[in-house]
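Protein sequences appear in the order of chains A and B.
Remember, our numbering sits 27 above the position in the first sequence when you count from 1.
Remember, our numbering sits 27 above the position in the second sequence when you count from 1.
Careful, some of the hints might be misleading.
Footprint (simulated), chain A over chain B, 3 or more residues, beta carbon under 8 Å [as the list claims (entries may be wrong)]:
# : region
1 : 33–45
2 : 114–121
3 : 236–246
4 : 333–341
Taking lysine-lysine pairs in the DSS-like style, the calculated list, with each CA pair at most 25 Å apart, reads [said to hold, decoys possible]:
# : chain 1 : residue 1 : chain 2 : residue 2
5 : B       : K170      : A       : K298
6 : B       : K34       : A       : K340
7 : B       : K344      : A       : K115
Don't read these hints as lab results, they were simulated from the structure.
Computed from a predicted structure; not experimentally measured.
C-beta atoms are modelled at their ideal positions from N, C-alpha and C, and glycine is treated no differently.
Residues per chain are reported as follows:
There are 2 protein chains.
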Amino acid sequence: MKFFTQKDRLTAAIQDVLKAVATRTTIPILTGIKIEADKAGIKLTASDSDISIESFIPAEEEDKENAEIIEPGAIVLPARFFSEIVRKLPESVIDLEVVDHFKTIIRSGNIEYNLNGLDAEEYPRLPKISEDGAFTLPADLLKTLIRQTVFAVSTSETRPILTGVNWKIENNQLTAVATDSHRLAMKKVPLNSSSGGDKVYNIVIPGKSLNELVKILDDSRDQVEIVITGNHILFKAKNMLFLSRLLEGNYPDTSRLIPTDSKTVVKLDAKEYYGAVDRASLLAREAKNNVIKFSTVDQNTVEISSYTPEVGKVVEKIRSLSMEGEDIKISFNALYMMDALRAADGTELTIYFTGAMRPFVIKTDDDDSLVQLLLPVRTF
Amino acid sequence: MKFFTQKDRLTAAIQDVLKAVATRTTIPILTGIKIEADKAGIKLTASDSDISIESFIPAEEEDKENAEIIEPGAIVLPARFFSEIVRKLPESVIDLEVVDHFKTIIRSGNIEYNLNGLDAEEYPRLPKISEDGAFTLPADLLKTLIRQTVFAVSTSETRPILTGVNWKIENNQLTAVATDSHRLAMKKVPLNSSSGGDKVYNIVIPGKSLNELVKILDDSRDQVEIVITGNHILFKAKNMLFLSRLLEGNYPDTSRLIPTDSKTVVKLDAKEYYGAVDRASLLAREAKNNVIKFSTVDQNTVEISSYTPEVGKVVEKIRSLSMEGEDIKISFNALYMMDALRAADGTELTIYFTGAMRPFVIKTDDDDSLVQLLLPVRTF
């Protein structure tokens, strides 16, 4: 194998696949990046068994030459060294050549690296995914969907299924739900039949996979093709493939957890409220559960407070933009509330309470596509 | 005690003293910040026994009102909470009031914090420093002096005296030396009699203290007054006092370590050379001592290389701007070389070798005020 390529393109492709490189593994070759070159271009692959990423550098693209393939072939190079070497090379053109016994020469200007590679034939094959069952979403919407739900997954392995995000596709709608049993985030996205909305799926994607995917997707309106098989989900973006295994097991039915009625409805300025929760949580962090208190004072005022005997207390009054129904005093985890507020874009938010001991619902800007649920904390 | 003050001034003063707040201590009150107010202004103090910092907010300064003191007094507040609270308050004016039993109310807009304070009388007194024996240096020169030497102190406690920087003042000159016995940095700064250069001192300042001091000094030409007593050194800048204990013991005589003759003199472009050392060190980091090899090739070329059997090798040729004397092949620790190059400002550097087994000297831009010494590593 021998090719020339642009440093910036190679660096970007390495950065994409690097997120899937195994750090602790019983399969040493997975700590490497597989590099394949043929006349179409250069393909990089990395995998940690859970996630696999492929990034492709087309030899030519829109009349621009990204790479010149002198001799096709394949090699596996140690990911950490390969990425640091390429990043630190000063010239814009890099020459990579495999010589005998998987020895690989990387040249740029007056610099010559000689790296010990591994046989690409030894690299595990990725599962073959059929093209059937594809639907599509624009990259930016997919990113929003992930960002607004994945933070609520459980980090505890006691119920492994809750470490993933549940995606249900039916009736031209994708519903994504994540919960750690203290809070829940649910996002609905319309699909149409031409983009595959007539299919029916019910899958659970590991939160970790989605957190990595969101980092390498760009914020474009480009369509991402999504293919679901029995055990895997494949995301196909421009010059990039992202494959994740799915979690096995049944995701709990969360639909009946979300209250449909409410006794108190309070509308707040999102930024002002976030600031008050953040400030009240400062003292609450000393105690173990970050509990702060939310109390309606009158039609126009809400009080956010917290009290930690060893440290002190804080009381802040903020405006309520509107308030309907009964007065309420309720306590909850400030960090969960801040996560919920960060996930929701929008300048106004509405909280629907059904009593101090019942879960409550948060929506922003009267947008029903994102519903968040928080459980109160009992304080005595 | 009760006062009003500007949030930005209070935040800046807290940030200054925060670096001296004790994190692990047997004296719990040292995890707090002492706040004193009198008609002149507000003084904050923090100390971890090794370092003490005072920051002062003058009530009035250049016709600007920074603080209004309603009632003088003093209190000690928990540093972490106090700093986070002040930083997160949304309004520009903060009102602080001590009520009964050291309870302290911090108000800003519609927010009221109630913090449990401690009796300021219980806070340890800082050592009294007489004004005698002061000399002065501009803040920016003091920062350069520290930055160019402190990186070379030892991090090992096997010879505690080497964890400090040796300052010798005599004959209108300050000489600062740091060494961990593998490398050495020596900086000379001229003093004049009016700025205290006629005094004679030989002290060792803990590297940790200097690292903190350099963070809070600004880059101005303002004079910093320096007072040395038997056990302490005091730095007095505008509205700020920084006190450090000194290390006890005799600093080794390093003057005879620096070779006065040389057999090979090589002049290099500093940036080009740094890049080559950095790139060669990539592979060397896998081995334990980061060793790379420097070889003169001809009058105009130097080769930087490294070889780690498990990973591979790298060879880079760079220009030498000039070369005099014998050819040389020498090995050294790449990270020490990079530290030395970062400390030295300048576009050209000259290395004076006296043989492959002898320490060698690095200077930049023919500037004799900074001399760096590196020990070679034997490779076979």
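Against the structure, the hints:
no., hint, result
1, 33–45, "violated (count 0)"
2, 114–121, "holds (count 3)"
3, 236–246, "violated (count 0)"
4, 333–341, "holds (count 5)"
5, B/K170 <-> A/K298, "40 Å, violated"
6, B/K34 <-> A/K340, "20 Å, holds"
7, B/K344 <-> A/K115, "15 Å, holds"
The structure fails to meet hints 1, 3, 5 from the earlier list, while all remaining hints are met.
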